[in-house]
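As a plain string of letters, each chain reads:
Number of protein chains: 2
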Amino acid sequence: MIVDVSKKVLIVGLGLLGGSYARALKRFGFHISAITLDQSSIDYAIGEGIIDEGSIDLDERMIGEADLVIFALYPHVFVDWIERNQGLLKSGALITDVTGVKSSIVYRIQDVLREDVEFIAAHPMAGREVSGVENSTADMFVGANYIVTPTSKNSPDAIQTCMELGRLLGFSNVATLTPEAHDEMIGFLSQLTHCIAITLMTCNDMEDLEKFTGDSFRDLTRIAKINDQMWSELFVANKGPLLDQMDNFIDKFNELRSMLESEDIEGMRRMMRRSTERRVAFDRKK
Amino acid sequence: MIVDVSKKVLIVGLGLLGGSYARALKRFGFHISAITLDQSSIDYAIGEGIIDEGSIDLDERMIGEADLVIFALYPHVFVDWIERNQGLLKSGALITDVTGVKSSIVYRIQDVLREDVEFIAAHPMAGREVSGVENSTADMFVGANYIVTPTSKNSPDAIQTCMELGRLLGFSNVATLTPEAHDEMIGFLSQLTHCIAITLMTCNDMEDLEKFTGDSFRDLTRIAKINDQMWSELFVANKGPLLDQMDNFIDKFNELRSMLESEDIEGMRRMMRRSTERRVAFDRKK
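Residue numbers (my numbering), protein chains in the order written: chain A, 1 to 286; chain B, 1 to 286.
Chain A with its partners taken away, still in its complex shape (with noise of 0.2 Å):
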């Protein structure tokens, strides 16, 4: 299957995420159908003409209609809906998700999934600090990377689709990682960040430190607001790869805190200059 705007696609879980999939599409032309919880989201994505249809219910025809289906739903929702639903997926639809982990997913649904129905799995590397399909937005993507994350059961064309899926939806870089490099990845990037903010917004009681913060702390610490039940279920969804990198973390740490300790202070200027090597390198390839 290549995309092209015959195609009808039916988004699964229109929030910010869906949502956004729904706008960026609509600019092309394509059929959207929608299946979520609220009938105010789907009322208010007809109204904006981001959707041609929506149902809470599980509409066969909306379903057996569809050439491509998106999954924007938790982990464990988007599971349990393909091991109940799967049967009235069309026959030939290939299906992708938005899942932030991969490699406890991936294999889970392909294992159980119908021959005659593929799944290729992708990340969109993308969110805001809002959710609902109110804030969605057509350009969340610009600027952005989609990580496609095949396994030995997909199929070449399926590849292909996904990640020219990924370029219409506006991503800035669409790439392909295995879901175990993209787990790994995941969990030093983001997941260990996300345990780094949350750990130092929550280790200090001193009081009046508001008054006294200053941007680093406020970088450190913007992503310390979080969607509990979303990111502890991707924590655990990650454990083995996230356990690994805070482990790293921790050992990194403990060296720092055995240098200051001892003064070894050519020790903690050698840590230092390499990580401002590090660190430029980093904004140069921005």
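If you're looking for bench data, these hints aren't it; they were derived computationally from the structure. One or more hints might be untrue.
When chains are identical, the list treats them as one kind, so a pair holds in a single copy or across two.
Below, computed lysine to any residue pairings styled on SDA-like, alpha-carbon distance capped at 20 Å [to be verified]:
1. K225 - D215
2. K90 - E53
3. K225 - R274
4. K239 - S258
5. K90 - D4
6. K8 - V117
7. K252 - H194
8. K90 - S6
9. K26 - D139
10. K211 - S172
11. K252 - D228
12. K26 - S172
13. K26 - V5
14. K225 - G214
15. K239 - E263
16. K239 - R108
17. K26 - D208
18. K211 - G143
19. K211 - N145
20. K252 - R270
21. K211 - A144
22. K7 - G92
23. K239 - Y107
24. K90 - D80
25. K211 - L243
26. K90 - E115
Given the coordinates of chain A, work out where chain B should sit on it, guided by the hints.
Relative to chain A, chain B alone:
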């Protein structure tokens, strides 16, 4: 002494901070002299009209005439200067500093200082990623905090004068703290955050990370570009309070790690809700 424009101000160390002090004070018409290492800094500052005169030597006349002396030096250089050269200061002069740590400096200076000269310590909580008088600006302190850290040896007059200096410099928030409370606060808000940033930047060598790096990681590592000479000295000068803050952080981080390992979702969600709640409070009072 009250700050009035008939007073002569001497700045020792004409770099980014010293230069910004000169610019900010020159707006009011003070007579400003400077002693610094490089003739080029003096030439530049005179050319810009932000100092009246300057010297790379210990100019006895210049030092002996100053009513207010601002030391913008590395901590150990400041202590060293006072020990060697305090005999040159005018009787009745007030001296202050910009040092980022306090307990390890303030008492040491006050212990060795002549009886007829008063040292009132202050920390201008401002900085930039660049250095040198050429990068100084008159509005560098807008939005920033100026913390005066008096001890029992300070006169009410000197405390008032120093706070007034902070306001003249353009700081948005001028406050007093004991040296100990200052060091605890700075150990947490500034030094611990830098320890975290340099650890995060050096604990993972995975390739191609920068390709997938998003806002969270960039936010948490912005301060990982660090002046290794200055920060290693400041870390050691605040060793006790910083080690305490590092230990608090490690304890809380390990608590989160244990909850993840045992899949204690409720515990993680509690911590995330607390972190969200605390971070919101930091926003509001900004």
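Non-conforming hints, listed in increasing numerical order: 17 and 25
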